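A.B. asks: This is what each chain is made of:
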Amino acid sequence: MVALSLVVSREASASKSARPQIAFSNVALNLGGKAIVEDLSLTVRPGEFLCIIGASGCGKTTALRLAAGLYQPTSGSVEFDGQPMRTPRRDIAIVFQDYGKALLPWRTAAGNVSLALEANNVPVSERAPRIDALLKKVGLPNHAGKYPAEMSGGMQQRLQIARCLAQDPKALLMDEPFGALDAMTRQGLQDEVLSLVAAANMTVIFVTHDLEEAIYLGDRVIGLLPNPGRIGIELTIDLPRPRDQLTTRENPEFLRLRRELFDFIKASEA
Amino acid sequence: MIPDRFKGLVFPAAALAALEIWARSVDLHSDSLAPPSAIAAAFGLAISDGAFLSATRDTLASAFAGLIIGGAIGLAFGIALGVFQVFDRLMEVTVEAVRPIPSIALLPIALIALGFGYRMEIAIIAFACVWPILILSRAAVQEVEPRLMEVARALRLSPADRVRKIIIPAALPRIFVAFRLAAGIALIVAVTVEIAINPIGLGAAIMAAQQGLQPDLMLAYLVWIGVIGYGLNAGLNLAQRHLFGRAALVGDPA
Amino acid sequence: MTSRGAIYWRIASFAVAAGFVGLWQLIADLRLVSPVFLPGPDRAWASLVRGFTSGDLGSKLLGTLEHMAYGWFLASIAGIALGALIGSSRSMRSYIAPSLEFLRPLPVSAIIPVAIALFGLTQGMALFVIAFGAIWPMLLATIHGFAAVEPRLYEVARSLHMSRLAVIFKIALPSAAPDILAGMRLSLTVALILSVVCEILAGLDGLGHSVLLSARAFRSADLFAGVILLGMIGYLTSLMMSFAEARILRYRRRS
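For the record, the sequence lines run as chains B, S and U.
Here the first sequence stands for residues 11 to 280, where the numbers follow this note's numbering.
Here the second sequence stands for residues -4 to 249, where the numbers follow this note's numbering.
Here the third sequence stands for residues 513 to 767, where the numbers follow this note's numbering.
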């Protein structure tokens, strides 16, 4: 299987580089006088899939926005490839939860993907074939001419992912990307994201409130405690890859991890 | 830093000061412009000698008379078209054909039929006010919560009671919005008719000031007309918020 | 099924309108209103045809359209540019918007005497007045449209490192397009009304002046022909805007 061989190469490349792709050191952020996150330190290896979970209001989205450069820390530092983050970078792509707001409603699917290519100054002649390839990659090959309003929620989120891939990102930051989708669509997209990420060898930070989703996708899961947000638990997920919706979710290790995270969330809410 | 609520005053204050300084530095004696200080003096004089008052009375009387007549016609047709879908569909082409006639184009017709004076001005204002009220009250009636109409049917209300007890109260906030917009239109049309041809009211007064080569008085009238427009708009907004609460402002087309 | 029903209703609706024209003819024929004031539709139509074939109605029509179009285009360009400038900056908005709110309810025709004092009874005066009147709906709509751009889209633009110019042309302007188009439609009506008023006041070549002369000479058929023509300008320009809106905003068809 293609995915399997890619996983091998991905782990090889991950061990090759010792420098973290993303590094938070003692990050704190206050918004409007309120501490949102505090003393947050974490590193993400190149090619790693890190999931962040936590009760609502624990600052997991804030952590993601700090990694994206959309927020600047009040103290501490966020680094990407060893350079401090001051503004968003083109090689970091963000998949927003509210895909309906993050797509340009007046552009077709192809036009929305094109936006990222235009921003990267890709020559006009190269755009069409790349758009076709990207739409095919996310499973929308026959929808290039459709407007977002004509697409289902799952299709719109695929489209947003295609636009992010068009940035040729080193890192993909995903903010509860499947939270608004139904269960079947969500599982399909989980597997597609895993294979897309493996194929492109991207680093991923994936924020979710779905514990099973975090375990299923991640190499590592971090749980945040609320008020202010800080790290409460960190679990390494050693489940075999490629993952499978049936066997992975029935694996005793999966169930053990789920139990552990569930207890953590319950304790953090108490 | 300047507090937010004073920021809006910076621009007009700077513009007035610049105009005043410029007018004094070139020792302005013009037939078309006057320094703000002279405008303020003319403004004060026109208020104290009653010139503003009588002209304003003429204009507002015409505007309100036109609004009432046009509003009543527009409201009656709007409700009828909203309640009876058959009527609405049959009248569609007629409404579409007459509505786009610019009200001011009727000025010559009104002039030969009614002569100079209030009647001609009121007729034109009424024509202009019919349409926004007709269109908006029709929409308001058509979009009354269907559940309320089912209640009316379950209670076996007569058609007259249905209009009086359910439809009008339910559509009232949006009908008020229609009247508020139409009041603005009425004032605009009144001033326009007076400027174009009718020798009464604020429009005629500002034209007279221009022709009398009194730029200070002309600009004082301009400011006064602005104050009237702003006051009317603000007063109606306030009344709307008072009568229907903030919910009524949602879906305001203005 | 429904579309066929809609066609029948449309035909019936045209029949009703034709009925009104017939009623008008009847009133005129029976001389219920003096023909000095009310010509029948037959006489108005004959005057319209005569005006175009042997008279100067065509050139009057062009005159009005020209006044309207120049003023409207000028207002569109200035209104959208200024609106974009003010609307895309929060601090510009807090300094300028209150002044605009104060000026918005001003009956724009009140500027006519000032324009006459400055420019005299000239084409330039008409252009100034029409552009000044027509700019408001577009200016305010553009400011509102730019201020109401979905913040998420600005974040997308930031993460793509789009230039300020690209953000304006690719994000803000298309996002504000529905508001801007609504403003342009309103401005078109304002431009037509002010064209007529300026023609009346300054005696400029156009339908406004021509209907006034017809009224003064009690040529009621010519007068009605002119008014019908003005109504048609209003109808057709509004139709034109509807087509433009349907074309430009076609992405909203399913939302």
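Hints were generated in silico from the structure; no laboratory data involved.
Treat each hint with caution, since some may be false.
[Claimed, not checked] Just the calculated beta-carbon pair ranges, DEER-fashion: (1) U:762 <-> B:266: 40 to 46 Å; (2) B:273 <-> U:663: 33 to 39 Å; (3) B:219 <-> S:145: 37 to 43 Å; (4) U:538 <-> S:67: 25 to 31 Å; (5) S:20 <-> U:750: 25 to 31 Å; (6) U:636 <-> S:114: 44 to 50 Å; (7) S:230 <-> U:759: 18 to 24 Å; (8) S:20 <-> U:663: 20 to 26 Å; (9) S:153 <-> U:571: 54 to 60 Å; (10) S:114 <-> U:759: 43 to 49 Å.
[As the list claims (entries may be wrong)] Derived coverage of chain B by chain U (criterion: at least 3 residues anywhere in the stretch with Cβ under 8 Å from a Cβ of chain U; other residues may be distant): (11) 89 to 99; (12) 212 to 224; (13) 241 to 255.
Please read all numbers here as calculations on a predicted model, not as lab measurements.
Ideal Cβ positions, reconstructed from N, Cα and C, are used throughout, including at glycine.
A.B. asks: Indicate, hint by hint, whether the structure satisfies it.
C.D. replies: Cross-check of the supplied hints:
1. U:762 <-> B:266: 40 to 46 Å: Between residue 762 (chain U) and residue 266 (chain B), where Cβ atoms are some 54 Å apart, the hint is violated.
2. B:273 <-> U:663: 33 to 39 Å: holds (37 Å)
3. B:219 <-> S:145: 37 to 43 Å: Holds, at about 40 Å.
4. U:538 <-> S:67: 25 to 31 Å: holds (26 Å)
5. S:20 <-> U:750: 25 to 31 Å: Taking Cβ atoms as reference, residue 20 (chain S) and residue 750 (chain U) lie about 48 Å apart, which means the hint is violated.
6. U:636 <-> S:114: 44 to 50 Å: violated (35 Å)
7. S:230 <-> U:759: 18 to 24 Å: Since the Cβ atoms of residue 230 (chain S) and residue 759 (chain U) sit about 41 Å apart, the hinted range of 18 to 24 Å is violated.
8. S:20 <-> U:663: 20 to 26 Å: violated (46 Å)
9. S:153 <-> U:571: 54 to 60 Å: holds (58 Å)
10. S:114 <-> U:759: 43 to 49 Å: holds (45 Å)
11. 89 to 99: The restraint on the stretch 89 to 99 of chain B holds, since 3 of its residues have a Cβ under 8 Å from chain U and three suffice.
12. 212 to 224: It is violated, with 0 qualifying residues against the three required.
13. 241 to 255: Violated - the stretch 241 to 255 of chain B has 0 residues with a Cβ nearer than 8 Å to chain U, which falls short of three.
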